[in-house]
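Asker: When you get a sec, could you build the whole thing from the sequences and use the hints?
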Amino acid sequence: MAIFNLKINNVDQQVEVDPATPVLWVLRDHLKMVGTKYGCGIAQCGACTIHLDDVAMRSCVLPISAVGDKAITTIEGLSEKGDHPLQKAWIQHDVPQCGYCQAGQLMSAAALLKDTPSPTDADIDDAMNGNLCRCGTYIRVKAAIHTASKM
Amino acid sequence: MTTIKTQFNRRSFLKSSALTGGGLMLGFSWFAGCKASVKEEVGMVLPDEWFDINSYLKIGDNGIVTIFSPNPEFGQNIKTAMPMIVAEELDIDWKDVIVEQAPYSQKLFPGGPFGQFSGGSRGIMMKWDALRMAGASAKHLLKAAAAQKWEVPIEEITTKSGKVFHEKSGQSAGYGALARAAVGMEVPEEVPLKEPKNYQLIGNSQKNVDGKKIVTGAPMFGIDYQKEGMLVAMVVSPPAFGMTFKSLDNAAEIKAMPGIKDVFSFKTYNDGYKKSFFDVNAFPELIAVVGNSTWEVMNAKKAIKASWTATKASSATIDRFGKDITVNTPAGLESTVEHNRQMETLFSKPLKVVRKDGDPARVFKEAAKIIERSYSAPYLAHNCMEPMNFFADVNENQVHLAGPLQAPGLIEPVVAARLGVAEKDIKIEMTRMGGGFGRRAYAHYVVEAAIISQQVKAPVKLMYTREDDMTNGIYRPTYQAIYRAALDDKNNLVGLHIKAGGIPESPLFANRFPAGSIDNYLAEEFAIDSNITTGAFRAPRSNFMAGAEQSFLDEIAEAIGKDPIDFRLELLKRATDQPVGEKNDYDAERYAGVLKLVKEKSNWSSASAKVHRGVSAYFCHHTYAAHVLDMTIDDEGQPTIENVTCAIDCGIVVNPDAAKNMAEGGIIDGIGNAFYGEMTFKDGKPAKSNFHEYRMIRMSEAPKNIEVHFVNNEISPTGLGEPPFPPIFGAIANAMYKATGNRRYHQPFLDGKAVLG
Ligand code: FES
Ligand code: FES
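So the protein sequences, as listed, match chains A and B.
Using this note's numbering, the letters of the first sequence correspond one by one to residues 0 to 150.
Using this note's numbering, the letters of the second sequence correspond one by one to residues 261 to 1017.
There may be inaccurate statements among the hints.
[Stated by the list, open to error] Cβ-Cβ distance ranges computed for the label pairs, FRET-style:
(1) B/516 - A/12: 25 to 35 Å
(2) B/717 - A/18: 30 to 40 Å
(3) B/964 - A/54: 45 to 55 Å
To be clear, the hints were calculated from the coordinates, so they are not data collected in a lab.
Quick caveat, the model's predicted, so the values are computed rather than measured.
Each residue gets a CB set at the ideal place from its N, CA and C atoms; glycine is no exception.
Answerer: Pasting the structure below:
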């Protein structure tokens, strides 16, 4: 067990956990922030995507001890009022089906737009190929990213 | 005018004030409190007082209406569509509606085990009358209240946008002002329903009512469920099918691990318990490990040392929808290689004849040409993105269950029997499901959660890891089929012979098209017992047969030199004008309708030479679907799906854009499973345990575009979750053949390789 001081969505948080604990479970179990989802635990599905200083990371394989003083952003902190251009575009395109993968999709897309404000289809494929959606919402995800990039 | 008898389902229309305790049990106990956000989120002022009108709706004193969506939501979007149907008949503006998920309740939503069931694409179809009646009868009560107040005949009262009008006297009132009086009005024997041509809301796309919550990461899934003092539980199951629990060998060591409360073995069902059809579970006895946090429990789970032993062959009587059947479970460690050999061997033995028309033996004997092709498909894992999980809090007074499940009505009696409690003491909350696809109709995990909670005397959330989820059974069965066609010397199709079988069930639908369109027809089947557990998977059996059949029809069309769509339409014309046999399970004209629509919308007759096109059509779950798939292929053999044009006849479309989303999803999921979907076994052990091994379709492999068109009619609506899925397998096979000159008969079509050769 060790104490970690974290900055999550601009709020200082302190947790005492096993240093090997993945950020995913620190968020979900210890901080009760359950927007970040578990899908595979091995960095294959993208459901657990968060930002570590603006870079998209799979939180299921990121030990809390590796965070250091980097800032964490989760879906709950993507915007204050749920009005990030991507969130607006997601609603405009009515993207979700079951919705389970969508927090991860949004976080991967947000990191992409920070890097590449006007992505091509190929840029989007590259950035989003790590995010699985069993419901098959890929076409709408892509369309919504294009829409958000123009907002 | 259409009217509907209100006494059908009468009990659900008892005013809820008359129910014990009054009102509805509602609201999830999320820590983060969704409740508080409702006001802000819907951007409306909430009323001071609510009036319960019936089990589907309550009206606030300010005219806001809450509509309860009765069936669980797993992405098919009924949580939006079902309340839309109520709102339509109620004559309330959608902006004045709040939607909430109803709890499971036989009292509020009677209908037996399938009353609040999501599956089989039957939600909207089965609830169509009840939802309309709920809205229409509530509207009647409001009109009656106004008529009484204004002392005018009810026939002179009209409604619009949440208001009641009496034109003659110029009086009007909002629903909110009349709600209190409406509660006391008599529910009539019959209420009028709107004609489809007068619909205002149905047919106009509305956004997913949970859209904002989803994009902001609000807690809403079973896996998000939290309760003060809740522990996390996981299970350990045998490493292979055909193995069972023998002993837990290091319990003391596990219990001493950080955060761990308990570790023990348990049986999901009591010995001698008569299972129902949905009580399938792979492993009767599991090890549970319970602790404070997911990570600690995961670590302990990995450290468990246990001994397993081979199962014995067994035979059990199972209740299949009220009918007893015998299920034999063999012993042994099964393998895919052996399964395939077993199925192939059976094709040369006499099979069970399910349907025979004309004299197939003679036409095949006399045929000028016989085409014979074999098809196969592997087991599939459901891979819902949210792994199986459930919350249970079992104490002396009541059993509180919450989480993702498709069939609460099926599992409640099972939990009651296993725990020895009364059904009335069980409360089930239905959370939004992160996918279902049939998997969550088999809710053994609910029983497991309840037993674990009872044992540790604390609220528990049972979590399956992805590995547990993928290796724990309930797979789509594996199937094989042989299709044979007899052509006469003028190249006419004179006979069709289908042999189909699978492990552990046959996929055959003997009375579906093209039965009824061919004079000489024979359909035979077989099934082989297995200890690998299977269950419903998006469009069960259809998901294999459609691909085989639609691929085979293309081969026949080519052999006789006909356009594939024209050939199908000719067969359907025959089935319309002069059907063969009487038991044909489809409406040939509606079937032809979707083919004609897809032909028109895809510009079938003037296709570009650069794209390779495949067509396919199928009817299942009461809905007709046809696809034209356009594929290109680059120099390296990499296929790209440029476009899919889809035509669907599901009757009235309640929420068109969401319906399109569903069709797109079915198509993309179908392409993924056709290209990559596969589970295999070696010595009883599933060969894949997570997404690094189990290939799922990813964004870059999805079609670039999908166009969905609906046949416009006023037929009562049928389902959409499944019907677009099966035919895509045929469309892909047919396009791949056009692209490469090679036909694929065995799924997955890309067989581990990314390219076509
Ligand atoms: S849960 Fe982290 S990538 Fe799947
Ligand atoms: S919306 Fe269901 S998994 Fe993506």
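Asker: Does each hint fit the structure? Answer for all of them.
Answerer: The hints, checked one at a time:
Checked against the hint of 25 to 35 Å, the C-beta distance between residue 516 of chain B and residue 12 of chain A comes to roughly 30 Å, which is consistent with it. A hinted range of 30 to 40 Å for the beta carbons of residue 717 of chain B and residue 18 of chain A is consistent with their spacing of about 32 Å. Our hint of 45 to 55 Å for residue 964 of chain B and residue 54 of chain A is violated, since their Cβ atoms are close to 29 Å apart.
Of the numbered hints stated above, the single one contradicted by the structure is hint 3.
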